[in-house]
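Residues per chain are reported as follows:
Protein chains: 2
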Amino acid sequence: MRPVPGEAKQRGLLVVLSGPSGVGKGTVVARAMQARSPAARRLRRSVSVTTRSPRPEEREGEDYFFRSEVEFQRMAEAGELLEWATYLDHSYGTPREWVEGQLEDGYDVVLEIEVQGAMQVRERRPEAVLIYMLPPSWRALRRRLAHRRSESEEVQQRRLEVARREVNLIPRYDYWICNDRVAPAARRFLAILEAEHARVKRWNVSELIGDTSG
Amino acid sequence: MRPVPGEAKQRGLLVVLSGPSGVGKGTVVARAMQARSPAARRLRRSVSVTTRSPRPEEREGEDYFFRSEVEFQRMAEAGELLEWATYLDHSYGTPREWVEGQLEDGYDVVLEIEVQGAMQVRERRPEAVLIYMLPPSWRALRRRLAHRRSESEEVQQRRLEVARREVNLIPRYDYWICNDRVAPAARRFLAILEAEHARVKRWNVSELIGDTSG
Numbered sequence: 009m010r011p012v013p014g015e016a017k018q019r020g021l022l023v024v025l026s027g028p029s030g031v032g033k034g035t036v037v038a039r040a041m042q043a044r045s046p047a048a049r050r051l052r053r054s055v056s057v058t059t060r061s062p063r064p065e066e067r068e069g070e071d072y073f074f075r076s077e078v079e080f081q082r083m084a085e086a087g088e089l090l091e092w093a094t095y096l097d098h099s100y101g102t103p104r105e106w107v108e109g110q111l112e113d114g115y116d117v118v119l120e121i122e123v124q125g126a127m128q129v130r131e132r133r134p135e136a137v138l139i140y141m142l143p144p145s146w147r148a149l150r151r152r153l154a155h156r157r158s159e160s161e162e163v164q165q166r167r168l169e170v171a172r173r174e175v176n177l178i179p180r181y182d183y184w185i186c187n188d189r190v191a192p193a194a195r196r197f198l199a200i201l202e203a204e205h206a207r208v209k210r211w212n213v214s215e216l217i218g219d220t221s222g
Numbered sequence: 009m010r011p012v013p014g015e016a017k018q019r020g021l022l023v024v025l026s027g028p029s030g031v032g033k034g035t036v037v038a039r040a041m042q043a044r045s046p047a048a049r050r051l052r053r054s055v056s057v058t059t060r061s062p063r064p065e066e067r068e069g070e071d072y073f074f075r076s077e078v079e080f081q082r083m084a085e086a087g088e089l090l091e092w093a094t095y096l097d098h099s100y101g102t103p104r105e106w107v108e109g110q111l112e113d114g115y116d117v118v119l120e121i122e123v124q125g126a127m128q129v130r131e132r133r134p135e136a137v138l139i140y141m142l143p144p145s146w147r148a149l150r151r152r153l154a155h156r157r158s159e160s161e162e163v164q165q166r167r168l169e170v171a172r173r174e175v176n177l178i179p180r181y182d183y184w185i186c187n188d189r190v191a192p193a194a195r196r197f198l199a200i201l202e203a204e205h206a207r208v209k210r211w212n213v214s215e216l217i218g219d220t221s222g
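As you go down the protein sequences, you meet chains A and B in turn. The numbering of the first sequence is my numbering, which starts it at 9 and goes up by one. The numbering of the second sequence is my numbering, which starts it at 9 and goes up by one.
Hints in this document: simulated from the structure, not taken from any laboratory. Please note that the accuracy of each hint is not assured.
[What the hints assert, rightly or not] Selected chain A positions facing chain B (Cβ under 7 Å, derived; list incomplete):
| id | residue |
| --- | --- |
| 1 | A93 |
| 2 | R104 |
| 3 | W106 |
| 4 | V175 |
| 5 | P179 |
| 6 | Y181 |
| 7 | W184 |
| 8 | E202 |
| 9 | A206 |
| 10 | R207 |
| 11 | V213 |
| 12 | T220 |
[Claimed, not checked] Sample of chain A residues lacking proximity to chain B, with all beta carbon distances greater than 12 Å (derived):
| id | residue |
| --- | --- |
| 13 | T58 |
| 14 | E66 |
| 15 | A84 |
| 16 | R156 |
[To be verified] Quick list of simulated restraints, FRET-style, between CB atoms:
| id | chain 1 | residue 1 | chain 2 | residue 2 | range |
| --- | --- | --- | --- | --- | --- |
| 17 | A | G69 | B | Q18 | 55 to 61 Å |
| 18 | A | V78 | B | A191 | 25 to 31 Å |
| 19 | B | E159 | A | P103 | 56 to 62 Å |
Computed from a predicted model, the values in this text were never measured in an experiment. Here a beta-carbon is modelled for each residue, glycine too, at the ideal position from N, C-alpha and C.
With these hints in hand, go ahead and build the complete structure from the sequences.
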């Protein structure tokens with residue numbers, strides 16, 4: 009992380025990114041992390057714990073930490089999860105300690121999580137930045153889900169139904185992004201982080217002003 | 009203005025940019041307007057009315073509208089000014105009608121104005137975005153002011169004194185930008201506008217969501 013002259017070192021942002029399954033959250037975050045800007049360099053992606061089975065292309069520790077129901081329950085009870093939620097019969101959670109360490113070191117940490125978990129974060133961490141990603145149209149979303157050949161028609165239908173209910177929670181989010189194309193969506197995502205760092209309320213004002221006699 | 013798919017047409021943002029005299033507000037806005045991004049293309053700079061005399065390089069209607077005290081007073085009383093304030097013995101104001109028209113057409117309008125005027129905008133237009141620009145150091149600011157050879161030492165000293173008092177109002181602003189170098193400062197400025205457009209509270213949510221049966 010390159011310090012900006014005149015800016016004191018600042019704690020990282022806790023960023024929540026939600027949106028219908030299949031909208032492209034992971035793709036947009038991956039693109040944002042590849043950008044050549046200070047905002048991209050200080051971005052880290054949180055890896056969730058889940059009780060569901062890996063899809064063929066998914067890797068342990070990269071896409072998810074795959075854990076048994078018993079182990080997940082133990083983590084939740086031991087307070088090791090920053091938030092956790094159930095979605096389509098499986099549990100998902102965010103490992104707390106790793107996230108805290110990254111924020112402390114000044115990295116912005118993005119959690120790609122469902123609305124249930126997002127509302128827990130909103131409650132527990134009022135300073136978090138909540139972003140909701142929308143598809144350009146619902147037709148486009150159906151098409152993207154249909155391309156996931158590993159899933160049955162029935163699972164796709166349930167994902168769509170969940171999405172249609174969830175969008176009613178958009179007013180609880182701070183920002184929304186339309187994923188019309190990956191590059192502009194990634195640019196908007198990074199712009200939000202850059203702007204949030206510039207919010208006066210996130211700073212100690214006397215530190216900002218500095219020694220006016222200098 | 010190129011419409012973004014999935015985004016309804018949106019009213020422009022009323023943006024206030026304040027900061028000590030000599031900090032480089034005009035230079036940063038000019039650079040931002042030259043950028044090749046949607047945020048740059050929808051940016052317009054408001055030209056203020058003033059009662060002070062033009063500096064050699066200043067052009068009527070480009071830098072300011074230069075008006076007599078009597079005419080300025082008339083405009084203020086007729087409600088033709090969105091805000092107005094006195095700074096170092098002269099009056100400055102923002103022509104209301106032009107600004108309203110631009111906002112209506114979807115352009116973001118930036119007012120480079122003093123803190124007095126900014127506080128009037130904060131009061132009258134709660135939806136406005138207030139940004140304060142700081143120099144990398146106070147020493148740097150003194151140096152920049154000294155380069156304005158058209159001004160006496162005494163005027164420079166008064167500008168510095170005003171700046172030292174004004175910074176106490178930074179907590180009333182939404183964002184701050186450090187003008188360490190022009191390019192990154194312009195980038196941060198545009199990021200703030202892009203993020204503000206993405207704020208959920210600036211949208212009609214049912215319009216965002218669209219027809220979920222589609």
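Against the structure, the hints:
no.	hint	result
1	A93	violated, 21 Å
2	R104	violated, 27 Å
3	W106	violated, 27 Å
4	V175	holds, 5 Å
5	P179	holds, 6 Å
6	Y181	holds, 5 Å
7	W184	holds, 5 Å
8	E202	holds, 4 Å
9	A206	holds, 4 Å
10	R207	holds, 6 Å
11	V213	holds, 5 Å
12	T220	holds, 5 Å
13	T58	holds, 27 Å
14	E66	holds, 29 Å
15	A84	holds, 30 Å
16	R156	holds, 20 Å
17	A:G69 with B:Q18: 55 to 61 Å	violated, 41 Å
18	A:V78 with B:A191: 25 to 31 Å	violated, 54 Å
19	B:E159 with A:P103: 56 to 62 Å	holds, 58 Å
Checked against the numbered hints given earlier, the structure breaks hints 1, 2, 3, 17, 18 and satisfies all the rest.
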